[in-house]
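These protein sequences, in sequence, are chains A and B. Heads up: the first sequence begins at 1 in the numbering used here, then just goes up one per residue. Heads up: the second sequence begins at 1 in the numbering used here, then just goes up one per residue.
Certain hints may be false.
Claimed, not checked - Capping the alpha-carbon separation at 25 Å, the derived lysine-lysine pairs in PhoX-like fashion look like this: (1) A:K108 x B:K9; (2) A:K42 x B:K9; (3) B:K14 x A:K100; (4) A:K108 x A:K71; (5) B:K57 x A:K100; (6) B:K71 x A:K42; (7) B:K57 x B:K71; (8) B:K71 x B:K9; (9) A:K100 x B:K70; (10) A:K56 x A:K71.
Honestly, the hints are just simulated from the structure, not real lab data.
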Amino acid sequence: GESVGLHLPTLSVQEGDNSIINCAYSNSASDYFIWYKQESGKGPQFIIDIRSNMDKRQGQRVTVLLNKTVKHLSLQIAATQPGDSAVYFCAENSLRGYQKVTFGIGTKLQVIP
Amino acid sequence: DGGITQSPKYLFRKEGQNVTLSCEQNLNHDAMYWYRQDPGQGLRLIYYSQIVNDFQKGDIAEGYSVSREKKESFPLTVTSAQKNPTAFYLCASTPGWGRSNQPQHFGDGTRLSIL
Numbered sequence: 001g002e003s004v005g006l007h008l009p010t011l012s013v014q015e016g017d018n019s020i021i022n023c024a025y026s027n028s029a030s031d032y033f034i035w036y037k038q039e040s041g042k043g044p045q046f047i048i049d050i051r052s053n054m055d056k057r058q059g060q061r062v063t064v065l066l067n068k069t070v071k072h073l074s075l076q077i078a079a080t081q082p083g084d085s086a087v088y089f090c091a092e093n094s095l096r097g098y099q100k101v102t103f104g105i106g107t108k109l110q111v112i113p
Numbered sequence: 001d002g003g004i005t006q007s008p009k010y011l012f013r014k015e016g017q018n019v020t021l022s023c024e025q026n027l028n029h030d031a032m033y034w035y036r037q038d039p040g041q042g043l044r045l046i047y048y049s050q051i052v053n054d055f056q057k058g059d060i061a062e063g064y065s066v067s068r069e070k071k072e073s074f075p076l077t078v079t080s081a082q083k084n085p086t087a088f089y090l091c092a093s094t095p096g097w098g099r100s101n102q103p104q105h106f107g108d109g110t111r112l113s114i115l
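Based on the sequences and whatever the hints tell you, model everything.
Shown next, in the form of structure tokens:
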């Protein structure tokens, strides 16, 4: 079946270091991918997205890489700060009669001061 | 600022009781969604609405009902038929329907527990 998953459920990084959060997806028809950040007790917030015709996209301190050959997505956070501590979800978006979004289970990022 | 407002933040349900979760958006978005979040699982779609007066079942609609009488409102009722309602419920919206390149905007959720 189709699924979106994450390799690491918990990631601890030192403040100032770079973080890399990985995600695997299985639906080769997916054409749009999104990373969300979810803080405790709140809803997911959009961080960055990428379309399937791209392999890299950069934002402020964040970069998303897409490898369609191995169906892999990653989120890189530069100079990780305590405020980056949260759960990060990748989401796969495809049109299947309706706008179907499949979410991964999330990776918890813990920033060590 | 535009956004999605969910209320209440915490809700408790008694045995055999129906409860309704509110979701209001002022983003002028056509499409709205309800998700359920459980520990160790990705968000699961309960119901979605493409436009006013229209809604469709998602992947786990049993025990839930919705209405979409106004563009800005998409309330979710958790009925007594839902035997395991304890979860974090998230409402979301997107500007339109049928395009796959839109991130969803989320509210801050309602946590439902059983008394």
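Hint by hint, here is what the structure shows:
The hinted pair formed by K108 of chain A and K9 of chain B meets the criterion: a straight-line CA distance of about 23 Å does not exceed 25 Å. At most 25 Å may separate the alpha-carbon atoms for a hinted pair to count; K42 of chain A and K9 of chain B meet this at roughly 10 Å. Restraint check for K14 of chain B and K100 of chain A: not satisfied, since their Cα atoms lie roughly 33 Å apart, outside the 25 Å limit. For the suggested pair K108 of chain A and K71 of chain A, the alpha carbons sit about 21 Å apart, so the restraint of at most 25 Å is met.
Our distance criterion of 25 Å between C-alpha atoms is met by K57 of chain B and K100 of chain A, whose separation comes to about 12 Å. Taking the CA atoms of K71 of chain B and K42 of chain A, the gap is about 23 Å. The hint holds against a cut of 25 Å. Only pairs whose Cα atoms come within 25 Å are accepted, and K57 of chain B paired with K71 of chain B is accepted, the gap being roughly 18 Å. Under the criterion of a C-alpha separation no larger than 25 Å, the hint pairing K71 of chain B with K9 of chain B is consistent with the structure, at around 22 Å.
Distance restraint check for K100 of chain A and K70 of chain B: the Cα-Cα separation of roughly 23 Å lies within the 25 Å cut-off, and the hinted pair is therefore satisfied. With a CA separation close to 14 Å, the supplied pair K56 of chain A and K71 of chain A stays within the 25 Å bound.
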